[in-house]
Amino acid sequence: MSPDSGRPRSLFEKVWDAHLVKAETADTPAMLYVDLHLVHEVTSPQAFSVLAERGLKVRRPDRTLATIDHATPTLDFAPGEAPPYATDAARKQVETLQANASAHGITLHGWDSEHRGVVHVIGPELGATQPGMTIVCGDSHTATHGAFGALAFGIGTTEVGHVLATQCLLQRKPKSMRITLDGPTAPGVSAKDIILAVIAEIGVDGGTGCVIEYAGEAIEALDMEGRMTVCNMSIEAGARAGMIAADETTFAWLKGREHVPSDPHKWDMAVTHWSHFRSDPGARFDHEVVIDATRIRPMVTWGTAPDTGIAVDAPVPAARSASHARALGYMQFEAGKPVSGAKVDQVFIGSCTNSRITDLRAAAAIMSGRRVAPGVRALVVPGSVAVRKQAEAEGLDRIFIEAGAEWRQPGCSMCIAMNGDKGEPGQLIVSTSNRNFEGRQGPGARTVLASPATAAAAAIAGHVIDPATLMEPAHA
Amino acid sequence: MPERFTTLTSRTFVIDQEDIDTDQIIPARFLTTTSRDGLGDKAFHDWRYDSEGKPLETVALNALDTETHRILVAGRNFGCGSSREHAPWALHDFGFRAVISSEIADIFRSNAAKNGLLPILAPKEAHDWLLAHPDVEITVDLAAQRVEMGNGPGFGFTIEPFARHCLMEGTDPLGFLTANEDAITAYETQTA
Ligand code: SF4
Numbered sequence: 001m002s003p004d005s006g007r008p009r010s011l012f013e014k015v016w017d018a019h020l021v022k023a024e025t026a027d028t029p030a031m032l033y034v035d036l037h038l039v040h041e042v043t044s045p046q047a048f049s050v051l052a053e054r055g056l057k058v059r060r061p062d063r064t065l066a067t068i069d070h071a072t073p074t075l076d077f078a079p080g081e082a083p084p085y086a087t088d089a090a091r092k093q094v095e096t097l098q099a100n101a102s103a104h105g106i107t108l109h110g111w112d113s114e115h116r117g118v119v120h121v122i123g124p125e126l127g128a129t130q131p132g133m134t135i136v137c138g139d140s141h142t143a144t145h146g147a148f149g150a151l152a153f154g155i156g157t158t159e160v161g162h163v164l165a166t167q168c169l170l171q172r173k174p175k176s177m178r179i180t181l182d183g184p185t186a187p188g189v190s191a192k193d194i195i196l197a198v199i200a201e202i203g204v205d206g207g208t209g210c211v212i213e214y215a216g217e218a219i220e221a222l223d224m225e226g227r228m229t230v231c232n233m234s235i236e237a238g239a240r241a242g243m244i245a246a247d248e249t250t251f252a253w254l255k256g257r258e259h260v261p262s263d264p265h266k267w268d269m270a271v272t273h274w275s276h277f278r279s280d281p282g283a284r285f286d287h288e289v290v291i292d293a294t295r296i297r298p299m300v301t302w303g304t305a306p307d308t309g310i311a312v313d314a315p316v317p318a319a320r321s322a323s324h325a326r327a328l329g330y331m332q333f334e335a336g337k338p339v340s341g342a343k344v345d346q347v348f349i350g351s352c353t354n355s356r357i358t359d360l361r362a363a364a365a366i367m368s369g370r371r372v373a374p375g376v377r378a379l380v381v382p383g384s385v386a387v388r389k390q391a392e393a394e395g396l397d398r399i400f401i402e403a404g405a406e407w408r409q410p411g412c413s414m415c416i417a418m419n420g421d422k423g424e425p426g427q428l429i430v431s432t433s434n435r436n437f438e439g440r441q442g443p444g445a446r447t448v449l450a451s452p453a454t455a456a457a458a459a460i461a462g463h464v465i466d467p468a469t470l471m472e473p474a475h476a
Numbered sequence: 477m478p479e480r481f482t483t484l485t486s487r488t489f490v491i492d493q494e495d496i497d498t499d500q501i502i503p504a505r506f507l508t509t510t511s512r513d514g515l516g517d518k519a520f521h522d523w524r525y526d527s528e529g530k531p532l533e534t535v536a537l538n539a540l541d542t543e544t545h546r547i548l549v550a551g552r553n554f555g556c557g558s559s560r561e562h563a564p565w566a567l568h569d570f571g572f573r574a575v576i577s578s579e580i581a582d583i584f585r586s587n588a589a590k591n592g593l594l595p596i597l598a599p600k601e602a603h604d605w606l607l608a609h610p611d612v613e614i615t616v617d618l619a620a621q622r623v624e625m626g627n628g629p630g631f632g633f634t635i636e637p638f639a640r641h642c643l644m645e646g647t648d649p650l651g652f653l654t655a656n657e658d659a660i661t662a663y664e665t666q667t668a
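Keeping their order, the protein sequence lines are chains F and A.
Using my numbering, the letters of the first sequence map in sequence onto residues 1 to 476.
Using my numbering, the letters of the second sequence map in sequence onto residues 477 to 668.
Just so you know, these hints were derived from the structure itself, not from any lab.
Hints may be right or wrong, so weigh each one.
As the list claims (entries may be wrong) - Pairwise CB distance ranges, derived in the manner of DEER restraints:
#1 Asp76(F) / Thr534(A): 40 to 48 Å
#2 Gly341(F) / Ala619(A): 52 to 60 Å
#3 Gly6(F) / Gly651(A): 53 to 61 Å
#4 Gly516(A) / Phe77(F): 29 to 37 Å
#5 Arg622(A) / Ser262(F): 26 to 34 Å
#6 Gly628(A) / Met471(F): 53 to 61 Å
#7 Arg320(F) / Glu636(A): 52 to 60 Å
#8 Ala252(F) / Asp617(A): 51 to 59 Å
#9 Pro473(F) / Asn538(A): 49 to 57 Å
#10 Thr654(A) / Leu20(F): 53 to 61 Å
#11 Leu75(F) / Asn538(A): 35 to 43 Å
#12 Ser102(F) / Arg622(A): 49 to 57 Å
#13 Glu406(F) / Asp617(A): 50 to 58 Å
As the list claims (entries may be wrong) - Chain F stretches covered by chain A per the calculated footprint, using a threshold of three residues with CB under 8 Å from any CB of chain A:
#14 82-93
#15 155-163
#16 200-209
#17 358-368
Said to hold, decoys possible - Quick partial rundown of chain F residues pointing at chain A, CB under 7 Å, derived from the structure:
#18 Val42
#19 Ser140
#20 Thr166
#21 Tyr330
#22 Met418
#23 Arg440
Quantities reported herein were computed from a predicted structural model and do not represent experimental measurements.
Each residue gets a CB set at the ideal place from its N, CA and C atoms; glycine is no exception.
Throw the hints in and build the complete structure from the sequences for me.
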């Protein structure tokens, strides 16, 4: 069946239909074929153990790609030296993945790879992430890959085992939701501000059970990095996945990458195939949301859930529930006063949400010629070895280092705080990551989510501030 | 392999808080394990222990008898956030066998059912009643998909039929997938 035949279908339905190994019945979910399985050290060891217990092999090592990112240190170490793991358990976890990958013939972008990095940064970077694919990973931010028009699910470890053994995922067909962002965004408003505004609008459970397609002028205008930032945080609205239809921006970004066809004829065929994966006019969605993107301002969160985004200088709302009151207490913010002005202890620029080259450029533009405020620690953690090299080629590393920020090796770092990079109890951290849960960045640490520009501005000012005030270049 | 789940009569333990995320259920720094056992100590760790790792006496979870209290009742949107299966592993190892809320996050719900922890979606009224009446004895009947609650109103709940089947049989869905090996091979041949 050609993807365009029959009744109008959405992007999501087209990808879903093209991957059905077995349709769902009343008793059993659908069996969905997985084109690409991404694996990292934290959610895979128990899945490989199940394979070993049952004497099963990895069905398609050629469709499986592994890297190390979550528990890995981001500190420098000399060639030949052991990586400075925070704990023995972290070292063992990485070594377990190394052993599992080599036993099963899986490509692992480990310590010696030019492509090591956060799993959701390297998949696209290698061109392994392509339009129309199904992609899974034992990680809830797998939705990132939806920026390319792929259907990408975060799965649990048991399912990681299923996919390793059978290349299939059992799934009931999710519901669909389209979020249209009308109109251009104002200058200085980034993809992170857009997605924080979307989540604030629909809530942390607004997308539960759904695959979201993002559409509209403000989305089409985004570069691929920005689209990844938007899709990345779909899970923060409870959604199963987020998607954006591939277009010329997507194809131009993918061209020349390692896993896409290099032969011009094959490339053209691939683009033709990929172009089918967009919602037909008249496609139906279970839910439709329209948001006026022209009104979005630079955003920050005030609470301990990602739907607490407000404009940086807007007043923190009064508590609506006991949970909100608890969040206000934890964050030590006062209703009626803005987040801007709050004293900052640490700034984290990184994570699969905002660690790509355009994110680092945005942060560097603010930090250039300026100094991180006394008493503030700023960490800049590129998403991959490739991003790090590109940034160094552009001299961004010098800007960060001269400003007094720490320029780190790639990894998840302070996004999940399991590699030793973390906040201390009571500290306020302005972070470009995706979760501001209690203790996410260390027990007692308080997280304000923001864009790279807003985070960089907070590092310079020493308090939360509208980045627009620092967008003019510094005077030498 | 989880034990079979058919019926469960037990007392409830209530955590009346919304949006309890999997970072609360088990903080990320405990994810550097390569096994799925023994995570019960880490369940709700940062609520239960002080910064030196000493159990906080004032926290009810630390005094809970999980032999008699196997059912967790939590506020709306339980289990949101990270996909870590360590969360249901930790809750199961701690002693819970069922969790009741008016809304449970998708990935958590799917992970829980695969690990002998029954996720139960309660209608708002029944959920409110359970939150307001902590520590009551209730009976969960998975075959009938009903919860009976002594003095309170009982309620029916829905659960994905295959998840229910696996819970009742104590099996993992992997067997279903491997039994369909031919269909997988046919799909691969056809799309190659
Ligand atoms: S950067 Fe953060 S959200 Fe992204 S994969 Fe790593 S830990 Fe998960």
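* Of the numbered hints stated previously, which ones are contradicted by the structure, given in increasing order? -> 3, 5, 7, 10, 17, 21
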